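**Student:** Going down the list, the protein sequences come from chains A, B and C. Under my numbering, think of the first position of the first sequence as 23, with each following residue one higher. Under my numbering, think of the first position of the second sequence as 23, with each following residue one higher. Under my numbering, think of the first position of the third sequence as 23, with each following residue one higher.
Read the hints as simulated data drawn from the structure, not as lab findings. Since the model is a prediction, treat every value here as computed from it, not as a measurement. Among the hints, a few may not be true.
Since the list gives no way to pick one copy over another, a pair counts as held whenever it fits inside one copy or between any two copies.
[To be verified] Within a straight-line C-alpha distance of at most 25 Å, the following computed DMTMM-like cross-link-like pairs (lysine to aspartate or glutamate) qualify:
id: 1; residue 1: Lys391; residue 2: Glu446
id: 2; residue 1: Lys226; residue 2: Asp276
id: 3; residue 1: Lys391; residue 2: Asp81
id: 4; residue 1: Lys261; residue 2: Asp451
id: 5; residue 1: Lys226; residue 2: Asp327
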Amino acid sequence: MNSDAARESGQAAYNLACELFPINRSITGPGVRQTLAILTREMPELTTHAVPSGTQAFDWVVPDEWEVREAYIEDPEGNRIIDFKINNLHLMGYSEPVNCELPLDELQAHLYSLPDQPDAIPYVTSYYSRRWGFCLSHHQRLSLKPGQYRVRIDATLAPGSLNYGEVLIAGDSVEELFLSTYICHPSMANNELSGPVVATEIVKWLISRDRLPYSFRVVFIPETIGSICYLSHNLGVMKERVRAGFNITCVGDDRAYSFLPSRDGNTLADRAALHALQHVAGEFERYSWWDRGSDERQYCAPDIDLPVASIMRSKYGAYPEYHTSLDNLDLISPAGLAGAIRVVQGAILAAEQDRHFKINVLGEPQLGKRGLYPTISTKNSGETVRLMMNVISQLDGRTSLLEVSNRVGAAIWDIYPIVLKLVEAGLVDDLSLTVQPSNI
Amino acid sequence: MNSDAARESGQAAYNLACELFPINRSITGPGVRQTLAILTREMPELTTHAVPSGTQAFDWVVPDEWEVREAYIEDPEGNRIIDFKINNLHLMGYSEPVNCELPLDELQAHLYSLPDQPDAIPYVTSYYSRRWGFCLSHHQRLSLKPGQYRVRIDATLAPGSLNYGEVLIAGDSVEELFLSTYICHPSMANNELSGPVVATEIVKWLISRDRLPYSFRVVFIPETIGSICYLSHNLGVMKERVRAGFNITCVGDDRAYSFLPSRDGNTLADRAALHALQHVAGEFERYSWWDRGSDERQYCAPDIDLPVASIMRSKYGAYPEYHTSLDNLDLISPAGLAGAIRVVQGAILAAEQDRHFKINVLGEPQLGKRGLYPTISTKNSGETVRLMMNVISQLDGRTSLLEVSNRVGAAIWDIYPIVLKLVEAGLVDDLSLTVQPSNI
Amino acid sequence: MNSDAARESGQAAYNLACELFPINRSITGPGVRQTLAILTREMPELTTHAVPSGTQAFDWVVPDEWEVREAYIEDPEGNRIIDFKINNLHLMGYSEPVNCELPLDELQAHLYSLPDQPDAIPYVTSYYSRRWGFCLSHHQRLSLKPGQYRVRIDATLAPGSLNYGEVLIAGDSVEELFLSTYICHPSMANNELSGPVVATEIVKWLISRDRLPYSFRVVFIPETIGSICYLSHNLGVMKERVRAGFNITCVGDDRAYSFLPSRDGNTLADRAALHALQHVAGEFERYSWWDRGSDERQYCAPDIDLPVASIMRSKYGAYPEYHTSLDNLDLISPAGLAGAIRVVQGAILAAEQDRHFKINVLGEPQLGKRGLYPTISTKNSGETVRLMMNVISQLDGRTSLLEVSNRVGAAIWDIYPIVLKLVEAGLVDDLSLTVQPSNI
């Protein structure tokens, strides 16, 4: 959580994003596997899983795998004017193979561009309905002349698998904190590469810590179908164990911090994320459940009801470059990623430190005889121990430390050491510890 | 609920108000019976009841019946300057008979006028203390010259009965929605004739509907003593059956919409009325319990505690013509009545449709394979199905549909068809139906 | 509660403050005993208690007793420039004895002054660490010339006792209302003498009342160590009996009224104090728990959790003269004290009258036949009985009278007589009375 470490971590995240950027990811296919291979190099703890096409997952079926070898359009003069090799956004995601010539007016029905952002190549997919299409800048589209165009998509849509990665880290308790991020978008930076690279840095930080009070579950999955597959295999254990989870998406730029709640809106995940955003970021955008659009849609669906909130910088859909070629490596920065890393660390600490403590003397303790209080009383001397006394006044055993911290208006990671000092002085009992034996 | 039907219904209500206007109603007497006879012609389902004078009803006793044959004042020259036949408001309600001559200064003690509204004849009653009196415009009062006046009230105050009407309509459930309106004021239009004529149109609409999920209880009663009598006979069954009720009063003008809550303030009646006012009227005045003044005083009294809220246009006491001769047929309009009809219909639909539904798949359903979702994903395509997805995300079986509608910010009668479509697609269970068999 | 009585009471309180002002009080010592002796003269009901030095009280130990005979500083010319006899604030509270000469620069380490308030002598203590020191105006300090100063403190710090006073008044119920005020500050007026003199007037008022529904416990104690000692002896019985308590401090000036909540924030004490401040004072400062600084720190500590709120005029720490020689008899006034007396009386009445009542007829009662309602109904006549009807509408047996009063927007002492009239008329049951037999 210190700023030097955060700066280094942000730079490492940025470097990893640069390496992952060119890969053609989709919800299935070799791009996902390449991505997972690089992530495994970074995190040997990562295990990868493959779910065969056709597998039923809740209301969904894992689709065929999509593999692209080549895709381009040649103009009437034979110039290759659009080429998947140059920018993988040119090809509509899950395009079926095609190899034909057709006149411009027929080709138009397969072209996608953004008149309002004429320089941007849009990102378009058609996962569950067979189509083919190309995306291009509106400027380029306007420059197309009538004539016969040759279109070639050398792609396969065939049974294969959906791949995802999972890091499980054992802590003192089997109860878990959960992180989810996605790896299913081609060359775009804030949405999505910022998510997996920040999550990777968080995993490294977790591994480096002396001791983890909770176990961790971190998943790198294709959005929607990936979270649905993951839940269909792990829902039981997750409902038992997950105390708080965070969806990590769009965490790379430095224009804003953003929060999107769980459906419940007041889970530990919500409270921890809000606390971290308030004390690390200060100002942030607070979105509502109605603004959702990522895997919280699955994690918080009725009867799944996991405590998962989203931590973001500029939210998907809320910045102009979203889902276009303008969401590139210039949009994100080491500093932007570092800020997100610090907020996620803060949310994790908030969730971990949100324990119950209880003062064990009646009335205020005499801090003076324990060297915890100035022994001379002057007009202003009370101020210096006010925070400690305020914290003590709230340690009634019923109020969790996150609520205590919010009441006294300080970050829980600044309050926690004060409480530990009181525990050492024998004035305060850690009820979590007291309770643990009976849990075994 | 379509606007043509509402316009026709508002015109029919206005025509009925014109027919009922001249009748001299009070809390008892032939005027009430005449009114009920006309209402029976409109609604053959209406049954009428008579409660004998002297009957105890809770803390009250049904008073003697009041019948007026003739009432006038002649000035010293023998001109009939005030005559009940010209305007029944001239005679104080429940005036005892008198036949005498007296000088102007003695007569003054029996005259009522409004200095602030010098053109208006006030409406004054003395139900529970024997008095006599005449009401006149303050202009007329100032023109009276000294001298002997002849006063004649040919009226009877004698044992008879209190009359009221009741419509019971059987629906699928024995649980009831309840409407109450009053028929005890002489020639005044917004307060009160708008109430019974709107209630009559609602009854016709209910009868015309294919199927009613709830049964209905609609009463046309004298205010206060009438609701007390009605409750004293029906409280047990009403407490068992009434899920929501609406007091329909002052629903004829077109200057405002108004809401007055039940004492509890958060019953289904309150929520349904507020929802209807918000989505039909848009803007409306929101009164508090402390502004009450009609039969909610009885319906919501301690230990009666029925869920009854008031739906109004310009509320009694809140418009200058209230309880004067200026509250006449010019003050109300077919459009004003039609607006009230639509709000009451909306409140009834909101109460009926406020059921519990539950999505029966885990995670978001795949709408695409059921033809409920566009199959191509572009930058903006999500918007078109957002409302349906928002509704689905709330169908957890615990949140009733009215609350779901309020959360997504739409009228329940626009959400209900979406939910029925999901029920037909087998994605959503109607918990009300599931529960019903066990109720039988 | 009438204003003549309040004025007299305020004057009596002021006179008593003048008599008590010169005494050198501290948390122990003869000054406390002198003060208690004068209070016993005023209230023969007062009993005094002594707790020996060295007694353990929760986390604390009663300190040695401090007695001062003489304390002064002489300048290099032998002039007695600072003398405890002239103002007891000159001597740091609990200074140890000293008798020496030392140069000015060494003396400076033992001097306390306020650069921002150069005319004021600050009030400084060092109860739990052995030190000596003198307090003086910053003007005087700046005028000190280099040279040898003679310092003499003839004081004893030796085993003795901590003294406090207690008034127990038996009422109809063993349940208690509790008042606490402190007697441990030397010559300062708003903080603290206003507290014990207002409490004395309240005790006289309580004794003068015909009948007390609750018993009373009023304590005059040294702050912090005194309340800790008192609680360590009485906590069990107090937790059983105390329904509401008020800490009476800083109640002498007339610049503001102030409220500081219990830790819980919504006990009967909080509600009664807020009600009294609203209806007696109108405007007042509303402090939070984080602004606390008096014995509520002990009364509301975790597991002690007594319902104790603070009623103040200008709060300790919130006025410039606080804890200096400027907090003198000019700062407080008979009118200031009288205002506080009225608020405390109001809070006591609010707590006493906060009982449960229930209307025993269904529907609105017919007030007319009981002479409680005007028998003629005109356009405005309803207003005159509206308050009574509003109260009746809330007497459901579940809503306590303080909440009823807050809902109808009137002082409980104005509502209570209305309710008693309804009880006499047989319309309302006093549930507190009904319940009492079963308590015996």
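**Student:** Which of the numbered hints are not met once you compare them with the structure shown?
**Tutor:** 5
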